[in-house]
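Assemble chain B onto chain A, guided by the hints.
Order-wise, the sequence lines are chains A and B. Take the first sequence: its letter number 107 is residue 106 in numbering that gives the first Met the number 0, and every next letter is one higher. Take the second sequence: its letter number 14 is residue 13 in numbering that gives the first Met the number 0, and every next letter is one higher.
Treat the hints loosely; a few may be bogus.
[Unchecked claim] Anything over 10 Å on all C-beta distances counts as not near chain A; from chain B, calculated:
hint	residue
1	18
2	21
3	24
4	41
5	54
6	55
7	73
8	81
9	101
10	104
11	110
12	112
13	113
14	116
15	117
16	127
[What the hints assert, rightly or not] To give an idea of the chain A side of the interface with chain B (calculated C-beta under 8 Å), a few residues:
hint	residue
17	31
18	38
19	41
20	45
21	49
22	52
23	84
24	87
25	116
26	120
These aren't lab readings, by the way, just hints derived from the structure by calculation. Ideal Cβ placement from N, Cα and C applies to all residues, glycine included.
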Amino acid sequence: MTHDPSSIRSPAGRVGFLGAAKSGTGDLWLMRVTTAALVPLAIAFIWIVLRLVGKSNVADVRAEFSHPCTAIFLLLFILASIVHMRVGMQSILDDYIHAPRAKEWAMIGNTLFSIGFGVAAIFAVLKLSLF
Amino acid sequence: MAGVEVKQGQNIELRRPLSPHLSVYRPMLTMMMSIAHRITGGVLYVGTLFLVWYLLAAATGGAAFAVAAWFFGSFLGQLILFGFTFALLHHFFGGIRHLIWDAGYGFDKEWREYLAAGTLAASVATTLIIFIAAHLG
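Okay, chain A solo, but in the shape it has when bound:
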């Protein structure tokens, strides 16, 4: 792609008013929704962790997870976190990684890490609470 050096429009401005990540205000809104969701969910998460502290016996941990509230709030916390952490890290990568190829790989890595974390955590919670 050629760039007219006399133009005052920055290269970032040429991507179609969609910002450095090629997407619009959707991410901003996703961040707002997940922030609102995570306020009560983070409190629930801290509460659950406090109940798990010091339990060195798996049977005690399982008993804790067998309660529907523990499992449901932890699953909701994980789901909201996946979206929130992916969009949040994306804005950090947008700011600090400038090479286009490196940025693309970082974006891919970010998405895969977030999904990987989410699937592993959800699997573990389901296994602990159901089986």
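Here is chain B on its own, set in the frame of chain A:
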């Protein structure tokens, strides 16, 4: 950037003036809390690895859970949990600050400072309370 010769098509960034950046500003609390919000976000991102380790170890049981339980009870484990707790709570209160801003409040001179100081004070206080609660319970 006087004296820097730039040929057509070469690094166009060199020809554009740069805005004053971090180094020209006196450090301010609001700025520090903004930076801390990003850093704690990054810390929580990496910290998910410890959460997923604990959950998978518990789901696996046996020796896997014994190792995880030992680690989180160790000095290093407790240090990581303390750091993660502070990062979570700082980001939590910083997030509430952002929600207040998103709703259109808290932009005036006094409230900016109150909110920044409040984020710091609330996160330090709740971290200590939670850690004391965890060790008493």
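Checked hints:
no. : hint : in the structure
1   : 18   : 12 Å, holds
2   : 21   : 12 Å, holds
3   : 24   : 17 Å, holds
4   : 41   : 6 Å, violated
5   : 54   : 4 Å, violated
6   : 55   : 5 Å, violated
7   : 73   : 12 Å, holds
8   : 81   : 12 Å, holds
9   : 101  : 6 Å, violated
10  : 104  : 15 Å, holds
11  : 110  : 19 Å, holds
12  : 112  : 22 Å, holds
13  : 113  : 19 Å, holds
14  : 116  : 20 Å, holds
15  : 117  : 15 Å, holds
16  : 127  : 13 Å, holds
17  : 31   : 6 Å, holds
18  : 38   : 6 Å, holds
19  : 41   : 5 Å, holds
20  : 45   : 6 Å, holds
21  : 49   : 6 Å, holds
22  : 52   : 5 Å, holds
23  : 84   : 5 Å, holds
24  : 87   : 5 Å, holds
25  : 116  : 5 Å, holds
26  : 120  : 5 Å, holds
Violation of the numbered hints given earlier is confined to hints 4, 5, 6 and 9; the remaining hints are satisfied by the structure.
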